[in-house]
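Protein chains: 2
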Amino acid sequence: MPAAVSIREVGPRDGLQNEEPIPTGAKVRLLDALSGTGVRRIEAVSFVHPKAIPQMADADEVWRRAGKVEGVRYSALVPNTRGAERALAAGFTEIEVVVSASDTHNRRNVNRSTAESLDDIAALIDLLHGAGARAEVIVATSFGCPYEGDVDPGRVAGIVERVVRDGADRVAFGDTTGMGTPRRVRELVTAVRDREPDVPVLLHFHNTRGTALANLLTALELGVTEFDASVGGLGGCPYAPGASGNLATEEAVHMLHDMGIDTGIDLDALVGVAELAEELLGKRLPSGVLRAGPRTRLTAR
Amino acid sequence: MPAAVSIREVGPRDGLQNEEPIPTGAKVRLLDALSGTGVRRIEAVSFVHPKAIPQMADADEVWRRAGKVEGVRYSALVPNTRGAERALAAGFTEIEVVVSASDTHNRRNVNRSTAESLDDIAALIDLLHGAGARAEVIVATSFGCPYEGDVDPGRVAGIVERVVRDGADRVAFGDTTGMGTPRRVRELVTAVRDREPDVPVLLHFHNTRGTALANLLTALELGVTEFDASVGGLGGCPYAPGASGNLATEEAVHMLHDMGIDTGIDLDALVGVAELAEELLGKRLPSGVLRAGPRTRLTAR
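Those protein sequence lines, which keep their order, are chains X and Y. Sequential numbering of the first sequence, starting at 1, is according to full-length UniProt numbering. Sequential numbering of the second sequence, starting at 1, is according to full-length UniProt numbering.
Among the clues, some could well be false.
[Stated by the list, open to error] Facing chain Y, according to a computed beta carbon distance under 8 Å, are these residues of chain X, among others: (1) Pro54; (2) Gly144; (3) Pro182; (4) Arg183; (5) Gly210; (6) Arg295; (7) Thr299.
[Claimed, not checked] In silico SDA-like links for lysine to any residue, alpha-carbon gap of 20 Å or less: (8) Lys283/X to Arg155/Y; (9) Lys51/Y to Val72/Y; (10) Lys283/Y to Arg284/X; (11) Lys68/X to Asp266/X; (12) Lys283/X to Gln55/X; (13) Lys51/X to Asn111/X; (14) Lys51/X to Thr81/X; (15) Lys283/X to Arg284/Y; (16) Lys283/X to Arg29/X.
Think of the hints as simulated: they come from the structure by calculation, not from any bench. Owing to the predicted nature of the structure, the values given are computational and were not obtained by experimental measurement. Heads up, the beta-carbon is just placed ideally off N, CA and C, and yes, glycines get one too.
Turn these sequences into a full structure, and let the hints guide you.
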């Protein structure tokens, strides 16, 4: 088992993007609270068209008003050249782009084939590198596609090979609709490592079918040390109304700390931010550790 | 990894005991539906004082009316001699008794120390064996106590040694308030095996803090092949209102089948029973696989 893992908190972007819109000030409060938990990486905003994703229409203002804490790496997600230019102008140096491993899912999202999106991404990587930023490619539906079903790990590994050749600094694998299982994690990580052993890898799990922490455990056994998670489990799954979406950061941290694996995060502070997120959203979030408290929080006798 | 695991469905007893009471006919419907899923073991009822647990006041009638399916092993839980006599009179030959590894928790439950309860259990085992029944001892709070915190695996192993000496045919370990984690599972199973390598072991997980399937995965890696689970995740956790309680059977089966591990259970039929359970209870149950469907259930393009 690794001695430490690096958690990227994605609540402010991936989480809020999949919830009802909240005011700009609330987004800033959430970001600032997260910056105080000890987490070292935060996906802060995305620069997308406000008609496509109204939840991120105020990304520039959110980022301008948010406190930038020394030692925290902030990233932004962009869908295209226009978004990349906005992210660079806002000062981001870690930028994510997305492609779906499933052709059907990619067409549904951006009306282009996976191959066409990979061509776009090659150009985006050049743009980002030219401006001195690092480019991460997120491969969505890496563990399964809601339309196509199983996604061949060899296909995902081929995509990784392609984007690494095109200059990607890092790759992330999204379990977009929670189809990941320990078996799929093992198969995917092994296939990617066989083809590209050196590229930094991050895994992004959803808890739609209860497997998120089992997947995390499997990945740890394979030596993976970078994971996305979303405070409170922010970000419902659009394909399954009512189902939980993102792995809750405090559930991940709770299990990791119990295993003696360092994250740098203050779990109590994080649970406090999850409580704040519920208040800001005005709804109950699916995190069990938020609900019940860490296992170390005892009941009075 | 084992090729097959044995799931004991505990929704009709442990599940319903921790929900609002439902009519006798509804309980019979649930039991009969479960008997048709291919599951090979069902904890059917408990024989407890109706004032203590009104949900089980009609246990005799539920059991009399339920269809007994060939090849399914049905068990009952009893708290004392009176309950054991009722279970034997009803024809049960697999009977469970409970003790809590934590002294504080045991006193809260039955106003006796763990040691005093173990003396009672020794006498109960004799009674059950004298009537030709098998006795399983369930050790509650095996992975942690909500009042005391961590429970020493050596203490749990000592309890196992004692009950095996007293004739217990099997032992089960309950994660009563969802404090189990992969680390605690590994420590407990190892400690018990060191002391009593031959006694059949069953693990009962709660998903209160999201760890249930990670715990299951860890136990599989240790060669454990018997688990409790509750259809739909029936049975809220009394210590954490709103938190999920029992591991949902369909979440366990979904992950196990994906790993190629046989359970004998028809997953689609099981999800149908989880839907029935929601209807009978008139509430939403916490199971993700119930909500989103198995990963193989695709969305129309």
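Cross-check of the supplied hints:
no.	hint	verdict
1	Pro54	violated (24 Å)
2	Gly144	holds (6 Å)
3	Pro182	holds (6 Å)
4	Arg183	holds (5 Å)
5	Gly210	holds (4 Å)
6	Arg295	holds (4 Å)
7	Thr299	holds (4 Å)
8	Lys283/X to Arg155/Y	violated (42 Å)
9	Lys51/Y to Val72/Y	violated (30 Å)
10	Lys283/Y to Arg284/X	holds (16 Å)
11	Lys68/X to Asp266/X	holds (18 Å)
12	Lys283/X to Gln55/X	holds (16 Å)
13	Lys51/X to Asn111/X	holds (16 Å)
14	Lys51/X to Thr81/X	holds (17 Å)
15	Lys283/X to Arg284/Y	holds (16 Å)
16	Lys283/X to Arg29/X	holds (17 Å)
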